[in-house]
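Peer 1: Chains as they are written, first to last, in UniProt numbering: chain A, 1 to 235; chain B, 1 to 290.
Source of the hints: derived by calculation from the structure; they are not laboratory data.
A hint or two may mislead.
As the list claims (entries may be wrong) - Mimicking BS3-like on lysine-lysine, the simulated pairs with C-alpha atoms at most 27 Å apart in a straight line are: (1) LYS175(B) to LYS52(A); (2) LYS67(A) to LYS175(B); (3) LYS52(A) to LYS186(B); (4) LYS175(B) to LYS125(A); (5) LYS175(B) to LYS18(A); (6) LYS122(B) to LYS160(B); (7) LYS107(A) to LYS277(B); (8) LYS108(A) to LYS186(B).
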Amino acid sequence: MLNLEGVHAYYGYIHALKGVSLKVEEGSIVTLLGANGAGKTTILKVISGVLKASSGSVTFLDHDISKLAPEKVVSEGIVQAPEGRQIFPELTVIENLQVGAYTRRDKKNIKSSYQIVFDYFPILKERQDQLAGTLSGGEQQMLAIGRALMAKPKVLLLDEPSLGLAPLIVKDIFKIIQEINAQGTTVFLVEQNANQALAISDYAYVLETGKITVEGKASEIKEDPKVLQAYLGGH
Amino acid sequence: MVAFLQNIIAGLETGSLYALAALGLVLIFRTSGVINFAQGEMAMFSSFIALTLFQHNMPYPVAFIGAILFAVALGYIVERVFIRPASKANLVSKMIITLGLIMIFSGLATAIFGTDSYFFRKAITADNLNAGGVIIQPNALFIIAITLLIMGILFYIIKKTMVGIAIRATAQNEKTAKLMGISVSKIYSMSWIIATVLGAIAGVLIAPTTNISTAMMMDVHLKSFIAAVLGGFGSFIGPVFGGFSIGVFDNLVGYYISLKWKTVIVYGLLILILIFKPTGLFGKSYRKKV
């Protein structure tokens, strides 16, 4: 569904991605693991069109999206819940969700999307008129995911949804990610929290300093001694 | 009491023009982080367009609308030609560009319209009203009313419509706004257009007081800045409040305390306010939660 082929990308002179190839199959949850600075967020930036790949291709449903502006990528159906939540603090919860639906043309169906988001995250319904900046970290993460869902994405990109959250909340959020996937949304998950991410994923890649070093079924990656050492805290 | 009310009305009249211009500054600042130092000059240019149309025997409303249409084009062109190509430059560079625009517009205006000062009529020329001794110029009422109307519409757009939410989202977090599918460059373009129009309206309405000349907007432009700072660059309602209060205060201090010292007193007080409330009266600083 979403394919990256030999993608190179630079920040100025820094060679951040050195020929990354990966595939996200329709209906699956794919996880990208890697340490800080490995280039995980960079990959998402390239997919979303915020950073242009210097070479290589990004295709979605068999057509090239590497030259599209970020807002066009959203219209294609690839929506990101960015790292660090990045909710709009001075908009209310409901306005944040409205922004998520900005590119939607089927205005009539937007109401039912609110309902879907509120079903996943009932707390957002309770807080809908509150300024988003006053939400707790976990609630903000829920809002970031809900906001992305409002765009009715075909592929949902999640950048470290567990960052800075209490373990119990992380567990909840991963459960909901699984549910969202079960309802038919493909999920591309970027995480450092390898244990939990692998537990819900079908396939996984490991990124090290701009290169994919390991890939395979999530269940196999979990047993891979190299990965165990580096990301799962060893035994 | 009569003198007091008289001063209040006069203050509201000029204050509403400061407020309009300040709102333009804040709109551009909030969406793109740039302070448009050339807003006064751009408004002056639009006012000259109104004057030229009027001198060519167009009726006043046509001249007014002509200036607004010109402002729409001007705002669009300035953003597209001067600001957008520099989108990767830092904010200081962009502000320097707007400083350069001051020279371009004042130079062009001198070349095209000359250095003379021209009289320009009021929007409403009906006879003054007398309300229990308080002399009210219908033109003053018109200015206050039209300002409130424009602000009402603007606030409605900003608060209630999808475009307004997109403007506020862009103002708060441009990168994420893009990720949500908002065409940020369109929002910038629009904010420049709206701001230029607000400036032009302020220019055409102040013209009967200042006359139309290349230096006509100096006072309004400066005070609109101060209004924006006083109210807080971080909010939309702040500059409006700031504009009205500077207008009213200026008049009251001038009448009751000292005409000579009014500028010193008013701005002295402003500095005092900013010492205690550095973000402006309506500026908020919210805490970030992790």
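Peer 1: Taking the hints in turn, state whether each one holds.
Peer 2: Here is how each hint holds up against the structure:
{"no.": "1", "hint": "LYS175(B) to LYS52(A)", "verdict": "15 Å, holds"}
{"no.": "2", "hint": "LYS67(A) to LYS175(B)", "verdict": "18 Å, holds"}
{"no.": "3", "hint": "LYS52(A) to LYS186(B)", "verdict": "20 Å, holds"}
{"no.": "4", "hint": "LYS175(B) to LYS125(A)", "verdict": "26 Å, holds"}
{"no.": "5", "hint": "LYS175(B) to LYS18(A)", "verdict": "24 Å, holds"}
{"no.": "6", "hint": "LYS122(B) to LYS160(B)", "verdict": "34 Å, violated"}
{"no.": "7", "hint": "LYS107(A) to LYS277(B)", "verdict": "43 Å, violated"}
{"no.": "8", "hint": "LYS108(A) to LYS186(B)", "verdict": "25 Å, holds"}
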